[in-house]
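There are 4 protein chains.
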Amino acid sequence: MTPPDVIRCAYAELVVTDLEASRWFYTELLGLVVTAEDEDALYLRAFEEYLHHSLVLRKGSTPALARLAYRVRSPEEVDRAEAYYRGLGVRVERVPAGTTRGIGEAVRIEDPLGFPVEFFYDATHVERFTQRYDLHGAGAISRLDHFNVVVPDVPAAQHYYEGLGFKVSEDIEDTDGTVYAAWMYRKSTVHDIALTGGDGPRLHHIAFATHERSQILHLCDHLGAVRRSDQIERGPGRHGVSNAFYLYLRDPDGHRIEIYTHDYYTGDPDNPTITWDVHDNQRRDWWGNPVVPSWYAEASPVLTLDGEVRDVRERTEARESDVTIGADGFSYTRTDEGERGFKVGHQV
Amino acid sequence: MTPPDVIRCAYAELVVTDLEASRWFYTELLGLVVTAEDEDALYLRAFEEYLHHSLVLRKGSTPALARLAYRVRSPEEVDRAEAYYRGLGVRVERVPAGTTRGIGEAVRIEDPLGFPVEFFYDATHVERFTQRYDLHGAGAISRLDHFNVVVPDVPAAQHYYEGLGFKVSEDIEDTDGTVYAAWMYRKSTVHDIALTGGDGPRLHHIAFATHERSQILHLCDHLGAVRRSDQIERGPGRHGVSNAFYLYLRDPDGHRIEIYTHDYYTGDPDNPTITWDVHDNQRRDWWGNPVVPSWYAEASPVLTLDGEVRDVRERTEARESDVTIGADGFSYTRTDEGERGFKVGHQV
Amino acid sequence: MTPPDVIRCAYAELVVTDLEASRWFYTELLGLVVTAEDEDALYLRAFEEYLHHSLVLRKGSTPALARLAYRVRSPEEVDRAEAYYRGLGVRVERVPAGTTRGIGEAVRIEDPLGFPVEFFYDATHVERFTQRYDLHGAGAISRLDHFNVVVPDVPAAQHYYEGLGFKVSEDIEDTDGTVYAAWMYRKSTVHDIALTGGDGPRLHHIAFATHERSQILHLCDHLGAVRRSDQIERGPGRHGVSNAFYLYLRDPDGHRIEIYTHDYYTGDPDNPTITWDVHDNQRRDWWGNPVVPSWYAEASPVLTLDGEVRDVRERTEARESDVTIGADGFSYTRTDEGERGFKVGHQV
Amino acid sequence: MTPPDVIRCAYAELVVTDLEASRWFYTELLGLVVTAEDEDALYLRAFEEYLHHSLVLRKGSTPALARLAYRVRSPEEVDRAEAYYRGLGVRVERVPAGTTRGIGEAVRIEDPLGFPVEFFYDATHVERFTQRYDLHGAGAISRLDHFNVVVPDVPAAQHYYEGLGFKVSEDIEDTDGTVYAAWMYRKSTVHDIALTGGDGPRLHHIAFATHERSQILHLCDHLGAVRRSDQIERGPGRHGVSNAFYLYLRDPDGHRIEIYTHDYYTGDPDNPTITWDVHDNQRRDWWGNPVVPSWYAEASPVLTLDGEVRDVRERTEARESDVTIGADGFSYTRTDEGERGFKVGHQV
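Chains as they are written, first to last, in my numbering: chain A, 5 to 352; chain B, 5 to 352; chain C, 5 to 352; chain D, 5 to 352.
Everything labelled a hint here was simulated from the structure, so no lab data went into it.
Careful, some of the hints might be misleading.
Since copy identity is lost for identical chains, a pair holds within one copy or between any two.
[Said to hold, decoys possible] SDA-like cross-link-like pairs, simulated, lysine to any residue; straight-line CA separation at most 25 Å:
#1 Lys171 x Glu131
#2 Lys191 x Glu109
#3 Lys63 x Pro159
#4 Lys171 x Thr128
#5 Lys63 x Gly93
#6 Lys171 x Asp272
#7 Lys191 x Asp234
#8 Lys63 x Arg84
#9 Lys191 x Val327
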């Protein structure tokens, strides 16, 4: 069974409870462009995007992830997606063009991990605001970068995504072989999807890319200025994994949004996978700053294709937060291995 | 005769012919804050300023400099300014508080160089928007930095300003002793006033400071986006003199505005003066990029205290543009002097 | 005839006349990492690269381009390249692994445009210095970005590269249909190869990417500090085409090196092509700063596979420098078309 | 009794136990320039400084502060310092030129707060490396900015420093009038000395200034790369007080070093004092990131003029760490006061 040829993560649809509060966060703070709006939804894109939207905010009673959407390489690949998922035996729906405003004919599925996922090719083109610097604020965002989802069994989820043609750029393991997280990509960045071990299916976050770090720092300054600094959950910092400069915010409904820059090119077929030790204190933050507990514990529920909140299955393997937080000395900054006192995976 | 104790350059008043065109340039592009406005004037300040304004734009028929204003250390120093200039025999006027909106009692003079200058202490305090990052655009400006005036005789002008207690941080000379420009300060930056040799009195430019270079680069991007890139006259670049990162813009009336960052502390009494050779190709641009002819040739006329355009006196000494532009090989990038092949003044 | 599946531009080999002078430029100034060196060659890579090199400097008597190398997706694609070019009837050579140090078995050709080009898959992996911030200077470079070549007939060259599977991201035309330059890509950036109209075949430049603009600005400051600012040929600036922030340097032999950041994602199959009018004064520099004549006129000769300097054929169509430089008013900053007074190609 | 005319904080002398470990930290990581070295001491300066040093590291058995030094305006002010402190009845010593290498005749005292302090005017001038960009790394530091000392009684210490002519730019208080910290200046920045309430006399930190935030971020990246991220104690972040972007490092002996940029001009006589509520969660970090306990608790001991470690007196008033850390809900991000929900002192 041939999987559809996925280009990249393309858009997410989030259910929010207060569209005006969300509008402030996504358009005033983050500066996303409103391509269109309905009575109950906002369709947003970043400055370098020419498809109709990379984020839909839809008003609803419970904050949740309604849909992750991947773009495939052609209309035929939408058909292939339908066949592929019917072959997998999961729930599959074909929806006509316009079911989501701006998006063409699509296939929606509940994937084997429990997530509502859409595959599409056709979408309305709109003006790319790459050079509309008159509209770019100090925190200008360029494009959607990736999704991050919480799954109980990371190797199983990785196996599923490998079936879809994704490859692993980096992961976090322990020496017993437990995998805590994996980063997987189709486009030539570090990831389109990250798999984070935990109770799932849940959405951990969606991430947008900027060009420079100053744009991320401004978002913090801006939140301070309007006295919403408590929406800064973690960072800014430099990731060990991916080397990206990052910031995690929580939107008015608690959905986690990452702003992200500086990762690296992964487009060659032999791109080395970097494996990090879960006890390496610089894996999540290169500067060793601690990960706040909420970042490990909290995530957004996901909906079925019928819009029902999906039940969550507990992770049974060790949790990263348990093995790395506390007074038990599990984390290290330096080891005795090697000249520089540490290793960073099997790179070569 | 004791001169008044000048703290710093404080504000300029420019005559502009189209207040709405100027409003776009100064508030939409540069992002200056409107403290107040009248039918015929805008009172503007930068984000870290708490006095009423650092720039006044007043509608008039001829673009010109109406006034340069220095702040003195106390109300008594305003009296001292009056006495000092009466002693110098120049025209002096005492004006009551509010003559310029937001400014207290002041003394206005026509200085010996022909410029309309004001000395004041009292001014209305307004909110300092240092941390109003919700209002800061990508090109946010912090404060007024300096004035730059064109005078025919730089040593004479330097002598006058030394009498006022200013000191020279850097200058440009040739080996025959001709002085082409001098930078002088009261506050502990490279300058409050620069003296540029040429036909004068004219205003060469006023300069505002940002925190970082990215803010200056954004102004260029913004002008490109609105198809007004022809308002970029020179730069961005790195000055040799002052080491500042710079950009020169022309406002809708042709007034030249510099945006400036990265100069250095000069507050110690033995701050070394740096003398640059006029034939050193990196003195005006550390990267050796050429100075455009308009930058040397053009400047704003200045008004008398009666609002008449003042006549200009020609420079009789060599002009910097003549000795450094052309195919005559006057400029050098490297010399044979010293280990690193060049000297940068008498620093130690 | 199926072309080989090219991943991206991968390395260039330049002939330089003074290896020590070049070493300073490429390793001290640009900070490239020396993977290996022979008596007559340096093998260099940027900080995020894990293949053996992205630049070879080989000592020789005449500065020239010895080879442009593309990486293909697998060893089988090297065979496919051989067959493809034999089918095209150009000169083809199969070379064993190690013919270029660090590179596996390869096919070398003289392409239909007259350039010496190599296709390879296998290469020695070395440590990726992405996070070796202890080695990153203030001007740290991440990776090779693209090649830019001078060809007399841009549409013919574009046709050839389309045959190889490249797509056009942007180009410069006039209203009569003359094409002055085209940007073409395989990896999801604006280009792997740019085609610049002029006397060719010649190498216009090779370009390396940084993460941020500050790294590019530092290179200028550094050149100023060592009094080699005359090696700055053009920039820094913001390109209209590609939106990249750029700087053009000349190495000690006159080879042109661009340092480049901030371009955009092109990986979707319907990525819009942007067509710029050759008379648009912001096409080459978004800020309207002029292109220096040498940038249009000068380029490096290229070698045959035997190491002979190849003859150059004159461009017969109009030259960009002729139609856009001079007092004839050909360039525009604003037009009367459209609401914002200008158009930027057919984006949607 | 007239106090000496202090220009600014000028240098600190720290006792370190391992000169080679310190050399790495201060010269390899921070990039300070070695002006001179003895068998037992390093004399360091930042890139824009022309006096002999702004930091002395002297080998000794116990990490401690040996001396804080202020520069006064003239040699006569050194005499005035001697008279002033004799009048205050504290221990005073006159030391000849060269007692500290590079420093002229000086007066050393044990100030009323218990700190070893020197006043000097004369000092050896050395080359200012402002434009030696060939030597500037990615984390280049411009100059010493301020000292921060721990004192049990902040109002008493403030009173002492007001006697010396310092003014308060900002402070932290509670509504009962307890003062937790105060920032005081002579030069026109936010501070030359900060007074932090706690057991003292101890040295909280010394701070150096950079031009931009990227230079501070690089220091974190660099420490990560050499696996010394545990030397990052707090930050990077944006201060509420001072608005500066900051980072706190601990040197190999535990001395705390701040790297700091983006504060504001305070040189006008009516510079508004900003008072922060100790319960304002953004006062110490504008982004609301928590202050780590060690930052409140730990500081360097100080020596007497005889080199003995001075006893510490306990703070008897409430401690900032007690009233703001914990589950008691003392801190706020938003209040109900005013339109934007908060106040930032009495600024106007």
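Q. So which hints don't hold here, by number, going up?
A. Numbers 3, 5, 7, 8, 9, in rising order.
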